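*Asks:* So the protein lines, in turn, are chains A and B. Residue 154 in our numbering sits at position 154 of the first sequence, and the numbers go up by one each step. The number in our numbering is simply the position in the second sequence, starting from 1, with 1000 added.
To be clear, the hints were calculated from the coordinates, so they are not data collected in a lab. Given the structure is predicted, the values throughout are model-derived calculations rather than measurements. Glycine included, each C-beta is placed from N, C-alpha and C at the ideal position. Worth double-checking, as some hints may not be accurate.
[What the hints assert, rightly or not] Keeping only pairs whose Cα atoms sit at most 20 Å apart, straight-line, the calculated DMTMM-like set for lysine to aspartate or glutamate is:
1) B:K1431 x B:D1130
2) B:K1431 x A:E174
3) B:K1128 x B:D1421
4) A:K70 x B:E1474
5) A:K513 x A:D173
6) B:K1508 x A:D386
7) A:K462 x A:D515
8) B:K1211 x B:D1130
9) B:K1211 x B:D1144
10) B:K1508 x A:E233
11) B:K1211 x B:E1132
12) B:K1155 x B:D1144
13) A:K186 x A:E174
14) A:K70 x B:D1544
15) B:K1431 x B:D1544
[Claimed, not checked] One side of the interface only, derived from the structure: several residues of chain A facing chain B at Cβ under 10 Å:
16) P119
17) F150
18) R180
19) G204
20) Y453
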Amino acid sequence: MSFPLLTATAVLPAAGAILTAAVPAARRTAAKWLALLFSLGTLVLAAVVLVRFEPNGDRYQLTESHTWIKDFGVHYELGVDGIGVALIALTALLIPFVIVAGWKDADPLETKDNKRWRPTQGFFALILMVEAMVIISFEATDVFLFYIFFEAMLIPMYFLIGGFGDRAHSGTDEAAATQRSYAAVKFLLYNLVGGLIMLAAVIGLYTVTGTFSLSEIAELRANGGLEMSTNVERLLFLGFFFAFAVKAPLWPLHTWLPNAMGEATAPVAVLITAVVDKVGTFAMLRFCLQLFPEASKWATPAILVLALISIVYGALLAVGQRDIKRLVAYASISHFGFIILGIFAMTSQGQSGATLYMVNHGISTAALMLVAGFLISRRGSRLIADYGGVQKVAPVLAGTFLIGGLATLSLPGLAPFVSEFLVLVGVFAAYPVVGIIATSGIVLAALYVLVLYQRTMTGPVKAEVSGMKDLKARELTVVVPLIVLLIGLGVFPKPLTDIVNPAVTHTMHDVNKQDPKPEVEAAK
Amino acid sequence: MSTVSVHSLWTTLAADTPPGGGLKFQAPTIEYAQLSPILIIVGAAVLAVLVEAFVPRKGRYYAQLFLSVVAIAAAFAAIVGLAASGFGTTKAHIAAMGAIAVDGPALFLQGTILLASLVAVFTFAERKLDPEAHGNRVDSFAADAAAVPGSDAEKAAVKAGFTTTEVFPLALFAIAGLLAFPAANDLLTLFIALEVFSLPLYLLCAVARRKRLMSQEAAVKYFLLGAFSSAFLLFGIALIYGYAGSVSYAKIADVVDGTTQQISPALAGTMGNDALLLIGMALILMGLLFKVGAVPFHMWTPDVYQGAPTPVTGFMAAATKVAAFGALLRLLYVVLPGLTWDWRPVMWGVAIVTMLGGAIVAITQTDIKRLLAYSSIAHGGFILAGVIAATPDGISSVLFYLLAYSFVTIGAFAVVTLVRDAGGEATHLSKWAGLGRRSPLVAAVFAVFLLAFAGIPLTSGFAGKFAVFKAAAEGGAGVLVVVGVLSSAVAAFFYIRVIVLMFFSEPKADGPTVAVPSVLTTTAIGVGVAVTLVLGVAPQYFLDLANQAGIFVR
Chain A
1 MSFPLLTATA VLPAAGAILT AAVPAARRTA AKWLALLFSL GTLVLAAVVL
51 VRFEPNGDRY QLTESHTWIK DFGVHYELGV DGIGVALIAL TALLIPFVIV
101 AGWKDADPLE TKDNKRWRPT QGFFALILMV EAMVIISFEA TDVFLFYIFF
151 EAMLIPMYFL IGGFGDRAHS GTDEAAATQR SYAAVKFLLY NLVGGLIMLA
201 AVIGLYTVTG TFSLSEIAEL RANGGLEMST NVERLLFLGF FFAFAVKAPL
251 WPLHTWLPNA MGEATAPVAV LITAVVDKVG TFAMLRFCLQ LFPEASKWAT
301 PAILVLALIS IVYGALLAVG QRDIKRLVAY ASISHFGFII LGIFAMTSQG
351 QSGATLYMVN HGISTAALML VAGFLISRRG SRLIADYGGV QKVAPVLAGT
401 FLIGGLATLS LPGLAPFVSE FLVLVGVFAA YPVVGIIATS GIVLAALYVL
451 VLYQRTMTGP VKAEVSGMKD LKARELTVVV PLIVLLIGLG VFPKPLTDIV
501 NPAVTHTMHD VNKQDPKPEV EAAK
Chain B
1001 MSTVSVHSLW TTLAADTPPG GGLKFQAPTI EYAQLSPILI IVGAAVLAVL
1051 VEAFVPRKGR YYAQLFLSVV AIAAAFAAIV GLAASGFGTT KAHIAAMGAI
1101 AVDGPALFLQ GTILLASLVA VFTFAERKLD PEAHGNRVDS FAADAAAVPG
1151 SDAEKAAVKA GFTTTEVFPL ALFAIAGLLA FPAANDLLTL FIALEVFSLP
1201 LYLLCAVARR KRLMSQEAAV KYFLLGAFSS AFLLFGIALI YGYAGSVSYA
1251 KIADVVDGTT QQISPALAGT MGNDALLLIG MALILMGLLF KVGAVPFHMW
1301 TPDVYQGAPT PVTGFMAAAT KVAAFGALLR LLYVVLPGLT WDWRPVMWGV
1351 AIVTMLGGAI VAITQTDIKR LLAYSSIAHG GFILAGVIAA TPDGISSVLF
1401 YLLAYSFVTI GAFAVVTLVR DAGGEATHLS KWAGLGRRSP LVAAVFAVFL
1451 LAFAGIPLTS GFAGKFAVFK AAAEGGAGVL VVVGVLSSAV AAFFYIRVIV
1501 LMFFSEPKAD GPTVAVPSVL TTTAIGVGVA VTLVLGVAPQ YFLDLANQAG
1551 IFVR
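Isolated chain A (complex conformation) (with noise of 0.2 Å):
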């Protein structure tokens, strides 16, 4: 039996998160060198994955399965296809900057009159216990394995959510737990919710199969020996795409996204919506499509509609934002949209750009709410007004979080451009309507990004923001690397689409569908 590598890439954070969580209370310093250890480890292991993975082999690789729970039919089955490579690739790489970015955030609280201590050690444990579960979502093949973590992972985040939340808020302390509580209830409950109709769709699965396994569930379809009538089909394909959207986040689900971001810290809301929202959109692309092709297929046209309105209104919510992290929130669920909208077109470039876009997303969101996290912590407030002139006395500070802002709005050059201009280009070859109405969302984008900048980094200088101080060593090794991969990316992605298209072929092949031909004129 080879090296069970996936097992490992999984069980490596979640070590980590034990080991990190036993670190005696005193000695908190050593505890976050042991989780940012521990979250390289993972790097390593997620670079090994990425190097052992043939684009062109076979569908899924690495795989590894042993019988779990004999009696629910549940395998312990792992594999990765392109897909699940990339997104793993993602999460072990954006894990060590969240840890970094918010090596000082959960450090004891001091006030004037008392020193409140605080878990520190827990914090970091829970962010790898976070990075654990999703790249287990990430790798499993087998319904209910993937069911597990994908419900499990919300314990983890609820505590990062509730319990460390961000320091900079207007109201008293008391004012600030009782939002932040009511955000992470908000979290939890949506999510569970989505999670629990999903479980009646999975047992549905089950009756219908008699497995939970994807390969064995394949090869039945292969042989007819799968008799699912419509209607079920359709309902259970329902079941599952509800969990996803609430997870994605897809308008109207998407009011707990706002929420959580808010008032998570800006690590926490990175993790949140860089990482654990693309097992949302993952699982669509691998679970919904795969298991249910002709029920994606029949609630396409409501999913684009649903998809377009995400862009629109989450756009122009962002504009109309006063807190930058609600901003970033609102400008994640219109880029959701798009990455929807791009899997659901059922085209080639639509869905290799919707696995790109998830990517890109990751690091530009990560890169931008990063930098706007330590502003925020300069200056103790979220607020778009209390900033002025920051360019003038942070320059650094300010050029960092421009060139995330401008990753944001897809900029040329910079990596999410080359997704979202793919998402484009294959939703406009299936549905040329619905491609022109979301390119709106791309324009908005250019405003709330450049007004954002505006009010905060240029005119004059505020008086509370004269005395900010420019990036530390720590936050440069945060945004630097970031910055890098996103121009780099943004030049040449070939890499990153050569171990993707293979993937989506086997997609577009599940939802048994074909790009439509290109229709030239005839020359005369």
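Place chain B on chain A using the hints.
*Replies:* Chain B alone, transformed into the frame defined by chain A:
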């Protein structure tokens, strides 16, 4: 033999009286070895009464604790022995002249009851939580249960350091009844087992050390409503006898199926009358649904759970539920398979209102014990969904759920005993605010139990819920699964609310303290956490066990 044998064990003598008069005594045949689990516990209970009478007051606590633990362990060993020699599967049969079934479900449930009882007895014996009274270490039970609350007699008893060690024999008698309940194979045994475990439980509810009036009120409520439901049950039994001419499960089933046509002359007017059957069964089901706490027979649950001494609540919530669901399963699967189409719609309704009712009303609760009471009602609904499946999978899923649920429940109530202020246990939810800051470990353990109640993956609660819902879906009760999932979502809200309260709220200045328990309660909680996680992560062995045990003998 002209007279009808009502029941072979209970009426042997009457039946075998020769026509010419004179008494020809024929001893009933009893398979003592196969009944040994019940007999051991009954014997120990009798011994415990003697201990209470003859052992000096100082030594009673230790003698009782030792006796109870040894008896429960021995009974459990007997169960394991019986199961190992195949009584759960191939050699399953009906013992004691038709009164007691020795089969897979019976052994599995008895084993569960005994393990849960063992852990519960540990919490009964805990003496480090309450502050010492006059230099004596005290447990959760009244110094002198007979003394009027607040009276001089009570003060004298406290001062003299009396303790109600009678709780141990009472618990043992209750356990004996609980063991017999799911194994009962005729209606009379069912009724006697019900009374044997109910009466000690009524008493146990009344003997709290703190908040004695509330405890006594709870006991009276429980007793009155319990007596009422027993009466229903008994009336139902009478009607069924009129219908079938027998109280034996197998014989009733034969009459229901129509395989027995022989009509006894004494009952010629009533036998085979469907009205009697339906009304009688409805009354019996009411009696059983009362014991499982299903809506609309749940009214007693919150008051009794709140008023009873917390260790007793944990014991009752876990063990009674296991036994009552066992009896319900046997009744529906052994006696009434021919009537499935009649009872299913009714039970559907009961399951739906139980799941939704328990979950929705729990939202408004402000007392942790009442909250857990409503949560136990909602869980009763989930289990009913498995019961309704009417498939072998349904049986084994219910067995598994009961195993998982009972340990979470005892553990959760054991944690409740730790959180205390000057008035005893601080059960009002507002007092739990900020517990996670003050005692992270206790709060984390309680959070694990709450997550298991909520059915979050990787806990036993999820595995159990999945098993029953799967069985229900396969049994054609898809609607129940959807309702169950929705009420799980509602239920998740209030479990999460408690977690929010513990971890994200500011601790109050006059908040409760967390008492450091002795090794007894620590063991109870530790076992609870261990079972919760093991059944959540690697449930296969226990599912296999439940599967093997999932066949009723007829």
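*Asks:* Each of the hints needs a verdict: does it hold here or not?
*Replies:* Status of the hints after comparison with the structure:
no.: 1; hint: B:K1431 x B:D1130; verdict: holds (18 Å)
no.: 2; hint: B:K1431 x A:E174; verdict: holds (17 Å)
no.: 3; hint: B:K1128 x B:D1421; verdict: holds (14 Å)
no.: 4; hint: A:K70 x B:E1474; verdict: holds (17 Å)
no.: 5; hint: A:K513 x A:D173; verdict: violated (55 Å)
no.: 6; hint: B:K1508 x A:D386; verdict: violated (34 Å)
no.: 7; hint: A:K462 x A:D515; verdict: violated (54 Å)
no.: 8; hint: B:K1211 x B:D1130; verdict: holds (13 Å)
no.: 9; hint: B:K1211 x B:D1144; verdict: holds (14 Å)
no.: 10; hint: B:K1508 x A:E233; verdict: violated (52 Å)
no.: 11; hint: B:K1211 x B:E1132; verdict: holds (17 Å)
no.: 12; hint: B:K1155 x B:D1144; verdict: holds (9 Å)
no.: 13; hint: A:K186 x A:E174; verdict: holds (18 Å)
no.: 14; hint: A:K70 x B:D1544; verdict: holds (9 Å)
no.: 15; hint: B:K1431 x B:D1544; verdict: violated (42 Å)
no.: 16; hint: P119; verdict: holds (7 Å)
no.: 17; hint: F150; verdict: holds (8 Å)
no.: 18; hint: R180; verdict: holds (7 Å)
no.: 19; hint: G204; verdict: holds (6 Å)
no.: 20; hint: Y453; verdict: violated (35 Å)
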